[in-house]
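There are 4 protein chains.
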Amino acid sequence: MNKKKIINDPVYGFITIPSELIFDIVSHPYFQRLRHIKQLGLTDYVYPAAQHTRFQHALGAMHLMGKALDTLKFKGIDISDEEYEASQLAILLHDIGHGPFSHTLEYSLLPGIRHESLSYLMMDQLNKEFNGALALTLKIFRNSYKRKFFHQLVSSQLDIDRLDYLNRDCFFTGVQEGSVGVDRILSMLTVHRDQLVVDEKGIYNIENFLNARRLMYWQVYLHKTTVSAERMLVNLIRRAQVLVRGGETVPASHALSIFLTQELTLADFKTPQILHAYGQLDDNDIWGAIKCWLHHDDRILALLSQMITERKLFRIKLGAEPIKKIHIEKIREAIMKKYGTLRADASYLFSHGTVSNEAYAEGHHINILMRSGEVLDIAQASELPNIKALSKIVKKNYLCWPKNVSL
Amino acid sequence: MNKKKIINDPVYGFITIPSELIFDIVSHPYFQRLRHIKQLGLTDYVYPAAQHTRFQHALGAMHLMGKALDTLKFKGIDISDEEYEASQLAILLHDIGHGPFSHTLEYSLLPGIRHESLSYLMMDQLNKEFNGALALTLKIFRNSYKRKFFHQLVSSQLDIDRLDYLNRDCFFTGVQEGSVGVDRILSMLTVHRDQLVVDEKGIYNIENFLNARRLMYWQVYLHKTTVSAERMLVNLIRRAQVLVRGGETVPASHALSIFLTQELTLADFKTPQILHAYGQLDDNDIWGAIKCWLHHDDRILALLSQMITERKLFRIKLGAEPIKKIHIEKIREAIMKKYGTLRADASYLFSHGTVSNEAYAEGHHINILMRSGEVLDIAQASELPNIKALSKIVKKNYLCWPKNVSL
Amino acid sequence: MNKKKIINDPVYGFITIPSELIFDIVSHPYFQRLRHIKQLGLTDYVYPAAQHTRFQHALGAMHLMGKALDTLKFKGIDISDEEYEASQLAILLHDIGHGPFSHTLEYSLLPGIRHESLSYLMMDQLNKEFNGALALTLKIFRNSYKRKFFHQLVSSQLDIDRLDYLNRDCFFTGVQEGSVGVDRILSMLTVHRDQLVVDEKGIYNIENFLNARRLMYWQVYLHKTTVSAERMLVNLIRRAQVLVRGGETVPASHALSIFLTQELTLADFKTPQILHAYGQLDDNDIWGAIKCWLHHDDRILALLSQMITERKLFRIKLGAEPIKKIHIEKIREAIMKKYGTLRADASYLFSHGTVSNEAYAEGHHINILMRSGEVLDIAQASELPNIKALSKIVKKNYLCWPKNVSL
Amino acid sequence: MNKKKIINDPVYGFITIPSELIFDIVSHPYFQRLRHIKQLGLTDYVYPAAQHTRFQHALGAMHLMGKALDTLKFKGIDISDEEYEASQLAILLHDIGHGPFSHTLEYSLLPGIRHESLSYLMMDQLNKEFNGALALTLKIFRNSYKRKFFHQLVSSQLDIDRLDYLNRDCFFTGVQEGSVGVDRILSMLTVHRDQLVVDEKGIYNIENFLNARRLMYWQVYLHKTTVSAERMLVNLIRRAQVLVRGGETVPASHALSIFLTQELTLADFKTPQILHAYGQLDDNDIWGAIKCWLHHDDRILALLSQMITERKLFRIKLGAEPIKKIHIEKIREAIMKKYGTLRADASYLFSHGTVSNEAYAEGHHINILMRSGEVLDIAQASELPNIKALSKIVKKNYLCWPKNVSL
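Chains as they are written, first to last, in UniProt numbering: chain A, 1 to 407; chain B, 1 to 407; chain C, 1 to 407; chain D, 1 to 407.
Rather than coming from a laboratory, the hints here were simulated on the basis of the structure.
Just to be clear, a hint being listed does not mean it is correct.
Identical chains share a label here; the pair holds if one copy fits it or two copies do between them.
What the hints assert, rightly or not - Straight-line Cα separation of at most 25 Å, SDA-like style, residue types lysine to any residue; simulated pairs:
{"hint": "1", "residue 1": "K201", "residue 2": "R213"}
{"hint": "2", "residue 1": "K73", "residue 2": "E20"}
{"hint": "3", "residue 1": "K392", "residue 2": "H103"}
{"hint": "4", "residue 1": "K5", "residue 2": "S406"}
{"hint": "5", "residue 1": "K5", "residue 2": "N404"}
{"hint": "6", "residue 1": "K403", "residue 2": "F130"}
{"hint": "7", "residue 1": "K5", "residue 2": "G66"}
{"hint": "8", "residue 1": "K392", "residue 2": "A379"}
{"hint": "9", "residue 1": "K5", "residue 2": "F130"}
{"hint": "10", "residue 1": "K5", "residue 2": "I316"}
{"hint": "11", "residue 1": "K324", "residue 2": "G373"}
{"hint": "12", "residue 1": "K67", "residue 2": "L21"}
Next up, chain A with everything else stripped away, as it sits in the complex (with noise of 0.2 Å):
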């Protein structure tokens, strides 16, 4: 069987799968899963396009990385292929160990448990099922191996992780300012001291990076309609959470029922039903449980199933300025009032707290080789003052509430 395919993708043309072992990694369950799981979670409620899933994205990522290691060698760095492999290989699971909608349900389906850390167990599991074959990865993977580069490439602030997902959200949301112009950066990369650096006729096209990744924060991550929808499925998981652990029956696949009924640790992973069934998990149990709900007896299940499913969602406030307790205590009492329900029900039926770009902007360093031969970070090579700002941590405030309801 010929294992060299090539896989037709709108954002970079083709992408070539390079090895048989990469085939076959592609071709098993936990990497098809991650065709169920869009990378946005429900941002297409907002950018319709945005359907793309975490498939495409760990695909494009190690094509980007192909792209990355090639431009390296160009340069004279010596890459053996055995760590090429493993670099792409890297790359294509790094991202194995999200959940069904991404980011959203993080806290509510595993509270504690961060993806990267599943990601890496399941890494495991391949490893162990190809026998060793990810020995190397693994090691670059949690930055075990010695030629600190790779593991940079694969995880730091200007990762080929970034590089392709704002490349690929941009394109499918249709906001075609925030390109980042992958080319020209993977372009400018290098490697000094085993570290990776920018070239210094590649500080424009940093500022420009950091600045489209601000732009796509505001204008699609944390758009304030995405947040509202988001918030409402995470108080839908948590209610159908309460009523599971309460007794009530709600109708769920198998493995949505595991992660329901119980507040698993990482500890639990250990375990081979977990983890499997955790591998079964993906956006289709949630969206499928949903459509069961519709007609649930728990008026509050039902209610916000189908609110979600016909996209009726939360009027939302997001600003700068904290959201004052006494605004969240109206909305409460109006709520209380409107759906007729107790103070603790009412709580599924609005949302506060903060949304913040932490996610997308980590204190990390982008070091510049400057034609001295110094290595600087951006924000000293930048003649921009304050280009800091572009990368630090905003937290703003929201409160969410039925559009029946009035503030």
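Given the coordinates of chain A, assemble chains B, C and D onto it according to the supplied hints.
Same frame as chain A, now just chains B, C and D:
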């Protein structure tokens, strides 16, 4: 509330919601349902980015309708504001009756009912809810309006529907060479004696359009891997129906249960409950059920569910030659032996039949307005001998079966 | 004759010539001249596809003006048909006074004359030829029309001119990340008290616009190789002028000869012959002369002609630090020695001075209309500290000289 | 000096100069000359963005050659580094012998000399200058290398040359529907018994390629307005030659003068001066001369120069029917009367003849490798009857004449 919205669309840039009525129709649950129905069923199993929905297609077609009408007005054709909006609504709603997975399940969930009939019923229902605001829309849709070119824009060999879907499918599959030159074709449209015609200067573009459409049949719409995946889904639904109708418990959403339990006729849709249930049925009901059936006691239901989820598809033979009876029998027996099933049950584990490009290539004309004033069919107007060959209905025969069984 | 033409444009798809008057203006020799003037001078020596002309830019800007006006009308701003056409004409003609190689030769061929003044003179001449049909166009162009936003669309910090040229330059250079999100910005424009303002929702887009513009300065407009090529061309023209004015025979077209022989002032353009000659002068007069001068007896004229033709460009040092006098002297003497020239003649074989982004970044405001109804400058409206840094005028110093001479 | 350059190309993103030798060839004046020769002559008079040059095409073709060779290597075909570079050089240089305005002036400036012969002479000269480094390149170019598929990649019915120019011409004209699906076709190429063949899976793509090519003939390459402009240019050059050869003073660059004065044969190019002069001749010599001739004493030379400059083109009749002698005579007499010219002189003010798609559609095969192992020509392999019709040579007859003269 501002109802003049602008929606990002990677294909056309921005799509404007042109009126309050259209905004309200788009917000209706019937239309929102299209967000959850993929345009190309399981085609994303071959072209991973083909995730686009009927929702996007309907909006895109409305957008193109506006451009077509603007062109006609620019050429001096008189079009009233009412006709303008009604045409946009007619194309917006032309596919509203599509069921889950678009064409795939039409014949198993709703045998003998064409989606156009359901579109009409749903538009009629919307017309009631909106106090007759869709009266002209309905007339145009069913071709009872006197100015025939409006209907031809909605439904004919060169309608706005096709222009959007070919363009959009080509964009999202990444099959760039399927490009039909939408803008150019739109600019070549004109009206002659109330019929939609194409200016003689557009002959090469129509040839190209017919060729691109043909490319898309074979490269996308009837791709053998998609045929295989869709046949598996059809078998799965048939299996579920047999089990339900035989008294087994088969978990499913409320809406899906109705269509698994009963074999409905078009007349049944006059019952509000049935139409309402259909208005809640989308891809997620099917996918959700599949995820619930993974561990079902019926081995065949569980097996097909798992194979579809993990993309372990039937091997397929697809070609012009008829499938030999002896091969079918050989496969059937091999399956009976391999899976230890009865003859009747084995039939869910393979499939044979014909596929054709019929849905895309019916026999109607594309009229060309020659410089001489004559109107000719493209077959006469083109210098290409046998251009008709590009439109003819081709049937291919297929046989598909599990990979662990040999022919 | 049908004057409602449609023109293919890779950037926007199709551009429609919207009226007979505009068709006739486009057909006029003054406007056709723009076909022979490249938008970016010698930039194609760095970005080979940057071959686009002022003709394309002018049509593209007219197209965008139509979209901007449609948006404003959609938002309820009253715009008459006459204002609509006059605005399109104003932007169509705003650059008609540009000379060969756009900005490059402005200061050597026409010292002290701004191309805007020549645009005005040529528009005035066209107005006479078209019997006053451009009266409102002229008013809008020179900002004497009472509704100020029309002029602001033609010329301001966020005018249609910039939107087209940034978009177009980014398209043809292939510097994809310079994308300014034209459609989005256009959709954010509105009018408040007859002033052009941007909706608050567009703040991130304006930030992105300012950033993209900055990227384009450094990556394209002030690219060091382009600066070098353009300085060589300026030296060449200066040399030709000196020779002509010293009585030497220097072959050139009729039009070019006029500008080589005399140093003209704006007043001279009142003479019909001068304006007429200018209306015949384009890039081809310069390139044609260069090709004639390849074998000229004046060694410096011949050498520079050959170097430019064969792209044997000066080496260049470009940076924030001032060029030291001593370096200039060193270069001058090395050239005198290498080429055996007099001190005065050596000055044609190197160049030093400053370049800046001034032409792109003047100090005017971009006004944001806040939800509160307040109008703020982007610098106040943005959360980014020091956003002004993106617009500030930066000067860089350069020194360029032949490669066979060492510093 | 770093010779591993990356060049922006809007069509492919980035093009890498893969070796020092190729860098040096690209820097040679012969190759730099291609910067000043437009790929499509005067086509920009119809499609304003069709400004792209032979320089861009040559680099693009080299880039695609790299992709094609990578594909073949990926499929297991053995290709040495030397063969790889030689193939890239062969395609890079295949058009180096093109003269000003590409095909347009071939028959007037150099009657009876094919540009391929000049390409060979120039490559041979480069081979001498580079001490034999192009020996294998020359072998591949003239098809004397034993592994025939290398030559077929450079020159055949489905060569890299065509793939780039169709793709590039379609991109810059903005005729989007001419897209040939380059990436897909490249991925379908393979080698069978040292012959270049296309995998059976690519049949629809080849059909599409032939169709797209046909669209491009009629919509672009043989567009009637381009034919008219090019005939005018041919007449102008003929007029200049007659004047020069009759002893008149006709200003022109050194290089152009040679070709105006003498009628050269291929043998003359053995003289270094002639080859050298040709190596300096580009579009700018022609355009420069036209601008010098605007005020020439010869009324016909001046008139044609002015008409071409200002795009006041001949009216044209173009069609399948032969042009009647009587019409030609009528036009000739009307011109003689209108312009008061002699019969012989009138012939410069109109033109008649035939154009055909010959240059694009010669009779060679495109070989398809069937799953059965058989190799079939596309005409047999395709299900489309008469696919040959897409490739056949069609001749059209034209008559063009000044607009102020009536037929």
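Does the structure break any of the earlier hints, and which numbers would those be?
none
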